[in-house]
Amino acid sequence: MKAILGKKVGMTQIFDEQGKAIPVTVIEAGPCYVTQLRTLERDGYQAVQVGFEQVHPERLSGGEKGHLSYSSVPPLRYLREFRLRVEDEIEEGQRVLADVFEVGDQVDVVGTSKGRGFAGVVKRYGFRGGPKTHGQSDRQRAPGSIGAGTGQGRVWKGQRMPGRMGNARVTAQNLRVEVVDAERNLLAVRGSVPGARGGLLMITQARKSKELFKQRGE
Amino acid sequence: MNLIESLERQLEPNPNIPDLHPGDTVNVHARIIEGEKERVQVFKGTIIRMRGKGAGANFTVRRIASHGIGVERTFLLHSPRLEKVQVVRQARVRRAQLYYLRERRGKRARLREKRT
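Protein chains in written order, with this note's numbering: chain A, 1 to 218; chain B, 1 to 116.
No wet-lab data here; the hints were simulated from the structure. Just so you know, these numbers come straight off a predicted model, no measurement behind them. Among the hints, erroneous ones may be present.
A short, non-exhaustive set of chain B residues, derived as facing chain A with CB atoms under 10 angstroms [unchecked claim]:
{"id": "1", "residue": "H29"}
{"id": "2", "residue": "R31"}
{"id": "3", "residue": "G35"}
{"id": "4", "residue": "V42"}
{"id": "5", "residue": "R81"}
{"id": "6", "residue": "V87"}
{"id": "7", "residue": "Q90"}
{"id": "8", "residue": "A91"}
Pulled a few chain A residues facing chain B out of the computed Cβ check, cut under 10 angstroms [said to hold, decoys possible]:
{"id": "9", "residue": "I14"}
{"id": "10", "residue": "F15"}
{"id": "11", "residue": "A21"}
{"id": "12", "residue": "E64"}
{"id": "13", "residue": "H67"}
{"id": "14", "residue": "S71"}
{"id": "15", "residue": "S72"}
Here a beta-carbon is modelled for each residue, glycine too, at the ideal position from N, C-alpha and C.
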C-alpha cells in the first residue's frame, strides 16, 4: 500500500552522488493506522481510511472514539481516505510507516495551500495590471475591461475577478522520494509541497508515474 | 530537535575544510565535471562572505583574474565536490561582508594581516 499521511516540516537541501544539491521538502510521515476499509459491497466504492497523529483521548468526541474502536487503533487526530484498490494484505488496524515508499518512487502530495485572503487579479491570476506612467492614476493593479458593451449587455460567466485565494486542496504531482527513514518517520521529497509548515499532507504513489502504468500494463 | 535538524546533522563536516572567515585568502580545490572527465580545479582568492547555516551554508571567494577583472565564485560549504580548502593567509577585517573590496583595486584592495 503506497499511501501515508504526514506533516510538512520544512525545506532543506541534500547532496546526491554526483554532489549536486537537491532541494527537498521534509515530511514527518506516520506512524499511521488503517482505520477502516471501504468496500464495494458495503460502501459502493473501494478505499482505505488512514489515521494519523496520536492525541489524548479527551480530544476526540465519543463518535470518533467509537469509530476507532472497531479497528482497535490509538486515538488519532486526522482521518483521510485513499481511493486505492483494496489489496488483500491490507487489514484494519494495520500500522503504516514511511517505509511503504522507497527512494526513487514517484509520489503525489496533496495539501492545503496557504490562504491569501481576498486577493486582487494581479496576484490571483497573474494579470499584468495597468501602465505605471503616461498620466495613469489608480490603475496599476486594476483588471481592465471585464467584457463587451451594451450589445452583449452582461459579463461572461467565469470572468476572472478578485476573490478568495488559497486555502484550497492542491496536489503536487510526480515528486521523487529522496529520503526514507521509517525509524524517524522521515520522508523527503524533491521540490516543494503545498501548504504551510505543520500542514497535513496526503502522500500517494503518483497517478501518472511510469511504475503505475507498468503495473496496469499500459 | 526537529526532523530537518536531524537530517542536516547527518552532514559530517568535511575534514579538509578548516574554519573559514571573511578576509581569509584560500585555495579552494573543487571537483568539476568536464564532459565525461572529472578533475580538480583550484580557485584562489579572498573570502568576502560566509553565508547561511545548515545544509545551505556557503561562502564567496573573490579573486582578480587576468586584465584586472574581478571574479567571484560561491561554494556550498557542505558540497561533496569540495576536495579541500587551504587557508593561505588570514587578514584582520572589521566587517562580516567585505563587499567594499569590489570597488577597490590594486593597492587599495589590500587587507591587513592578522597578528597572532
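Okay, the hints, checked on the actual structure:
1. With a cut of 10 angstroms, the hint placing B/H29 at the interface with chain A is violated, because the nearest CB-to-CB distance is about 13 angstroms.
2. Given hint, B/R31 at the interface with chain A, holds; its Cβ is 7 angstroms from that chain's nearest Cβ, closer than 10 angstroms.
3. Residue-level restraint check for B/G35 is violated (minimum Cβ-Cβ distance to chain A is 14 angstroms; threshold 10 angstroms).
4. Contact between B/V42 and chain A, as hinted, is not supported at the beta carbon level, the nearest pair being about 17 angstroms apart and thus beyond 10 angstroms.
5. A least Cβ separation of about 4 angstroms between B/R81 and chain A falls short of the 10 angstroms threshold, and the interface hint therefore holds.
6. Using the Cβ-Cβ criterion of 10 angstroms, the hint placing B/V87 at the interface with chain A is not satisfied: the shortest such distance is roughly 22 angstroms.
7. Hint status for B/Q90: violated, given a least beta-carbon distance of 28 angstroms to chain A, over 10 angstroms.
8. A least Cβ separation of about 29 angstroms between B/A91 and chain A goes past the 10 angstroms threshold, and the interface hint is therefore violated.
9. Interface restraint check for A/I14: the shortest CB-CB distance to chain B comes to about 7 angstroms, inside 10 angstroms, so the restraint holds.
10. Against a cut-off of 10 angstroms between C-beta atoms, the interface hint on A/F15 holds, since the closest Cβ of chain B lies about 5 angstroms away.
11. Evaluation of the A/A21 hint against chain B yields a held restraint, the C-beta minimum of about 6 angstroms falling below 10 angstroms.
12. A least Cβ separation of about 27 angstroms between A/E64 and chain B goes past the 10 angstroms threshold, and the interface hint is therefore violated.
13. For A/H67, the interface hint is violated, the least distance from its beta-carbon to any beta-carbon of chain B being 29 angstroms, above 10 angstroms.
14. Interface hint status for A/S71: violated, as the beta-carbon distance to the closest one in chain B is roughly 27 angstroms, over 10 angstroms.
15. Among the interface hints, the one on A/S72 is violated; its C-beta lies about 29 angstroms from the nearest C-beta in chain B, farther than the 10 angstroms criterion.
The structure is inconsistent with the numbered hints 1, 3, 4, 6, 7, 8, 12, 13, 14 and 15, although it conforms to all the rest.
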